[in-house]
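Going letter by letter, the sequence shown gives residues 1 to 423 in full-length UniProt numbering.
Worth flagging that the hints you see were computed from the coordinates, not collected in a lab.
Among the clues, some could well be false.
With a straight-line Cα cutoff of 27 Å, these simulated DSSO-like cross-link-like pairs (lysine-lysine) come out [to be verified]:
id, residue 1, residue 2
1, K87, K216
2, K244, K382
3, K191, K176
4, K31, K176
5, K153, K216
6, K135, K56
7, K87, K26
8, K26, K16
9, K382, K352
10, K277, K216
11, K145, K130
12, K258, K216
13, K31, K87
14, K139, K31
15, K87, K176
16, K31, K153
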Amino acid sequence: MAIKSKKNNKRKYMIKILIMDDSRPKTEAIKRYLTDDCLLPSDNIDTAITINEGRKLLTKYDYDLLLLDLVMPLNDDSEPDADESPKFIDEIYTSTYIHIPIHIIGFSQFDDLLETSKSKFEDKLWHLLKFDLSKNDWKTKLQNKIQHLIRTKEFFSKSLGEKYRFDYGIICALDKEFSLMQSAFVNIDWKKFKVEGHPFNFYSAEISTINGSRLKIVSCCVNEMGMQATAVVSALMFSLFELKCLFMTGICAGIEGKVNMGDIIIAERIFDYGSGKLKSNEDGEPFLEPSYNPLDVEYELLGTIHHFLTEEDVDTKIYNQLRKVFLHKIDKIPQIVIAPTACGSYVVANSKFADGLKVGERKLAGVEMEGYGLYKTGYIEKKQCLMVKSVCDFANETKGDDYQSMCAFSSASFVYFFLKHIY
């Protein structure tokens, strides 16, 4: 038995075919030719022996090619009827429930049926084929049509693949963070686009690096706080766009004494502070016995960040950018801190609670609500992720929003300079 080439095996999954014929020997002959000579996998070929069976398949699945016998029974209890296939052709063309195949070929061994159906098929730019098991000309015509469908589908697949292929992605939780992120990417033209079947607005841009490369960037606003929503959008971004790395920018709370207002935190690892077991103490009061299970940033990416920080005076660059936009707020160069952060499903405005989180991670520098979802997605997808957020408060009773805009801008500025100088 011959071994088919990898090249052909790679192509053969491209199209899906439905054969509608009540003659099993004829169906098997066609299917055998499609698998053995046209190198299509049998899983890509469905069969139906009645009009009703074919209708069910066409309402459920998308097919690239329908091969329709011109004399078919309506159902299992019916006799083959020359009127059923022509009626079904009209139904395919007008029904809102049937998925219209890309192409349809009607076939028969009877010349009079082919002649009768000629105008109906030609009007819709479909084809007729005389089927005769004793001859091979039907095989040649069928193979030519299949090759055309494969090449056409490959062309469109490649075009769509290029259209939706990006190097890096950026997400933000809320619209305010997102708009400031876009502003931080200096002189970059963000172009809005949609992907069919998905509710989110995406924005594309290109960045020229100092090394002469051009990076394709895609961004999206989650429009919701919380790690669950972030995980969903992160997974979608990786699935749609084949990203090398996904960044998240925005604001976070800092641990007072570890960081200062306006400092930029790069999360080297993140834990979910709401993870654990809810128990009762001796007085019956509930308390959480934590089980943090932290997630680390990918090792190679972390090394690249360390190298970037030693080679570039990025903190000064960010400071100069901030002075242009937030002159009344910025009074010092922000420190860039690589440190652990805590993530949870609720906003923290209690200094005792924030201090208590340090019990599980003594180097803890920040508290926020989305990063664990991002890193969990990266862990599952085996992809690089990085959360960069700036300290806008200290998760205490004086929590306010005075520094939120500046911090959303500065965290995005770090990602902007990182992409400009590293790649």
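Verification of the supplied hints:
1. Pair hint K87 plus K216 does not hold up; C-alpha atoms about 50 Å apart against a cutoff of 27 Å.
2. The hinted pair formed by K244 and K382 meets the criterion: a straight-line CA distance of about 10 Å does not exceed 27 Å.
3. The suggested pairing of K191 with K176 holds, with an alpha-carbon distance near 18 Å, which does not exceed 27 Å.
4. Proposed proximity of K31 and K176 is contradicted: the alpha carbons are some 57 Å apart, above 27 Å.
5. At roughly 25 Å between alpha-carbon atoms, K153 and K216 fall within 27 Å of each other, so this suggested pair holds.
6. Taking the CA atoms of K135 and K56, the gap is about 32 Å. The hint is violated against a cut of 27 Å.
7. With a CA separation close to 22 Å, the supplied pair K87 and K26 stays within the 27 Å bound.
8. Proposed proximity of K26 and K16 is supported: the alpha carbons are some 19 Å apart, at most 27 Å.
9. Proximity of K382 to K352 is assessed by CA-CA distance (about 36 Å); at most 27 Å being required, the pair is judged violated.
10. For the proposed pair K277 and K216, the alpha carbon gap of about 44 Å is over 27 Å, so the pair is violated.
11. A threshold of 27 Å between alpha carbons decides the hint, and for K145 with K130 the separation of about 14 Å falls inside it, so the pair holds.
12. The hinted pair formed by K258 and K216 fails the criterion: a straight-line CA distance of about 36 Å is larger than 27 Å.
13. About 25 Å separates the Cα atoms of K31 and K87, which keeps this hinted pair within 27 Å; it holds.
14. For the proposed pair K139 and K31, the alpha carbon gap of about 11 Å is at most 27 Å, so the pair holds.
15. A distance of roughly 57 Å separates the Cα atoms of K87 and K176; the hinted pair therefore is violated under the 27 Å criterion.
16. The hinted pair formed by K31 and K153 meets the criterion: a straight-line CA distance of about 21 Å does not exceed 27 Å.
The structure does not agree with the numbered hints 1, 4, 6, 9, 10, 12, 15 stated previously, though it agrees with the rest.
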